[in-house]
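Once you've looked at the hints, go ahead and assemble the two chains, each given alone in its own frame, into the complex.
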Amino acid sequence: MKNRALLLKFLSALALCIAWEVAGRIPVSYAFPTFLESMGALINMTLDGTLMSAYGETLRPLIIGIVISAIFGVAVGIWVGLSEFFDWLFSPIFIVMQAAPLAALIPLLVLAYGIGLTSKVIVVCIMAMPVIVLNTSGAVKNTPKSLKEMGTSFLASKFEVILRIVIPAASPVIFAGLRLGVSAGFIGAILAELKITPTGVGDIITYSRSIADYASMYAAIFSIIVLSVIFLNLLDKLETVLFRGNQRGYISD
Amino acid sequence: MDTSQTNVIDPKVDKSSNDVAVSVSNLSKNYGEVEALRDMSLEFPRGQLTSLLGPSGCGKTTLLKIIAGLLEPSSGTVRVNGKAVAGPGPDRAFVFQDFALMPWASVIKNVSFGLEMRGVAKNERDEIAANYIAEVGLQGFENSFPHELSGGMRQRVGLARALAVDADVLLMDEPFSAVDEQTRRKFQEDLLELVDSKNKTFIFVTHSIEEAVYVSDQIAILLPRPSRVSEIIRPSNFKEKGADAIRRDSEYLDIVDDIWASLRNYVE
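Protein chains in written order, with this note's numbering: chain A, 1 to 253; chain B, 1 to 268.
Careful: at least some of the hints might be erroneous.
Unchecked claim - Here are the simulated DSS-like cross-link-like pairs (lysine-lysine), alpha carbons at most 30 Å apart as the crow flies: (1) A:9 x A:237; (2) A:145 x B:65; (3) B:198 x A:237; (4) B:122 x A:237; (5) A:158 x B:65; (6) B:65 x A:141.
I should point out that these hints are in silico values taken from the structure, not numbers from a laboratory.
Looking at chain B on its own, in the form it has when it is part of the complex (with noise of 0.2 Å):
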């Protein structure tokens, strides 16, 4: 009953094929006058981690609440698994910057909030919800509120409410930006390890050039005005050399380098 029932809902996707689980046409997207998205076009591979990269006001957490179905797009099209988005759905989970957790509601009620609104009884949700807390290393946490817990805590909390809905696609809108350095380089090696142990594909909103470098598959440089992907860089080499190396590797350093290259003169 535990950990199958996680399993039997699991989609069994193979990893190494290079399929598209979410894919972005023609987006256009008008706030009145202004223009946050033009014409853009984006494929994000299954079972990988993409970030969507770029200075502030270049429209990516736009981009990502469109994907998300919380923003409508002007005109174009989200596609995830083949099927045109039309709001927000089963198929995709959001882990917000803010954790936007309830705080009248203990940890494992935040946890389980998705599963009840997808109607999962409440036996099967807590224990559902029990099990991703564990996961998330907040075990004994279950029942206390999301003021007694740390920042770094807190997110993971978020992390815990959306691995529980078991979607395919996982929508991280710059969730390490609230918390403190330390923590957030753990969250980025857990993030690596939570990448490569699920079948799921992640779109990550991040400012941090290290962070995109260091946690992606493939990184989406976008620039503003009018927002647009300038570039698309995969870094080959040194995912495999564990979550130690890969901050001294020369590749990672390089790429590092020519993305600040390209993006200093955008940043005001």
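The shape of chain A in the complex, shown without the other chains (with noise of 0.2 Å):
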């Protein structure tokens, strides 16, 4: 059963990687390349140091952006979710942030906080923090009543009904909110770095483009989309590793 998800995941992954290929070959456009030569490109990046570095200043925004979001995100969402009062006074502000331009937001922060890494924090934390947060305030306020009332009946304290039942009952939609959420943030970083100053990632795919070595262009964006894969997945295991019997569904009859 596990080898067959994941054959059928290695399937998929090489179905898309063919169509690039066929896809660079025919060619759809000049400014488009092979897998392989994406891949010839990413190799070589990856030998001379270049990615490296690259990651080395695009992690920075990144993590620090997507730890904030995720502490404060979910503490707020939490908040927000157990009282109508902060309910009322912080939603608007998320659900603004979330349906926001973001784009043509940047030069205003770029007015306000400059063009270093406070800027591309905040720009990862735009994109990560509202999902997260209203993700986590929804499933807080959804918590199952009798649930709840469990707790209490059996002598938990306020703080223990929050900590033992509230959090750990909305846990796989507060988890759902954080994977849309670190997606979101890896969005942040690059555009971040294409819209702000070129830095890391960023410059690799301005630079390549502009002296048309889509391959290397294409190799940058094929490795954020690995990362973030690779990072996504980590938070599905973490996930198992607190929460084991949610993975297994809700008891809903």
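So this is what it looks like as structure tokens:
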């Protein structure tokens, strides 16, 4: 069963690579390299260290932003979910954040916070935080009432009810929010590097495009996708370790 | 260490004495404009099972939750063993209609939850929980998860959890309404045995007349709008005849008929 899932994942990745190769060979566009060319460029960049140093740059705002978004996002989300007052106070901010056309706001951020790390971290946060907050608060609000009553009637304190019942009950949706938030954060990090100052992976993309080295450009894009997939899988593992029974579904009948 | 342990905690109560474990006096509960309970008074004898029976909307679950300390009454008091109730306490345990099991926790973790909240050490609470899991007939399922169990088994877990904390009073909110008919019959028979063997006071909410008459020592009939106790029935003769004979006993059948006659006008 597990092998079969793995095999299917592998086949789907293979199909994508073949489609990419075919599309590159037709070619669909002059600016679209084949899969093999891109992989060649990826290997070159890995070997000469370009990729490593680029990720050194890119990962900084990305990881800082994602950690801030995850910690604050979940905390604020729980808070908002537990209190109607904070729901009214905070939810609109995050809904606006989620709906805002970020690319258009970047000049404002640069004006306020300059072109350094701060602006980039903020871009990652704006991308990642709303979905984490909104998912968490929604999940917390929907904690089954009888589970909370169960906690109270078996003498759990308010804090214990939150820690032992509300958070575990909300965890599947919280983790769904984290997954969406992390992928949005990856987009935010690259967006920041394309729109604010070209550094790291954003720099590879911008520079390769300007000299028409499309293979390197797509190699960079490919690498960031692989990295985000690895990151999401690690998140899944974390969820399994923390909340084992949840993975196998809720009692709904 | 094993069974003697639970006996030590168990308060020795003389089952034949008719003292009152839980008393409710002049209880009212309003939800804004809506009057859920008005000036209700009721006594629950120790060591016996009292059913709260009535049509939907008669406030029986509200009353149970006030006794549990989950809801605050608008006025009036609830006393458990003479002490006024101001919230949930170690003297009461609750069995939920929808089981209220934690899906992320194994059976033994669910059963020992109440003990954990009372600060019982891990080894000790696992041992107590394992005993009660065996007592409700779920030996071997300690490490299963709730979704792997049938509805009836889930409620057995809920029952084991309530028994494990060894409270004087067991509050049961339509505990068998979410299980199938055959399981329900088995549960009712087991409940009779439980009332007999434990020195506990049971308060049992149900909307099934047959179930109430079958399991109860005392039945409080509640009527709605505003909720009040209309009648208290104490079946006397058929309890000793054994679980199998009750359903064919003429007193049992008469009481079921009488209750239906008085309730039918209130059922929409």
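For each hint, the structure was consulted:
A distance of roughly 17 Å separates the Cα atoms of residue 9 of chain A and residue 237 of chain A; the hinted pair therefore holds under the 30 Å criterion. With a C-alpha separation of about 13 Å, the suggested pair residue 145 of chain A and residue 65 of chain B falls inside the 30 Å cut-off, and the hint holds. For the suggested pair residue 198 of chain B and residue 237 of chain A, the alpha carbons sit about 45 Å apart, so the restraint of at most 30 Å is broken. For the hint linking residue 122 of chain B to residue 237 of chain A, the alpha-carbon distance of about 27 Å falls within 30 Å, and the restraint holds.
For the proposed pair residue 158 of chain A and residue 65 of chain B, the alpha carbon gap of about 18 Å is at most 30 Å, so the pair holds. For the hint pairing residue 65 of chain B with residue 141 of chain A, the CA-to-CA distance comes to about 21 Å; that is within 30 Å, so the pair holds.
The earlier numbered hint that this structure contradicts is number 3, and it is the only one.
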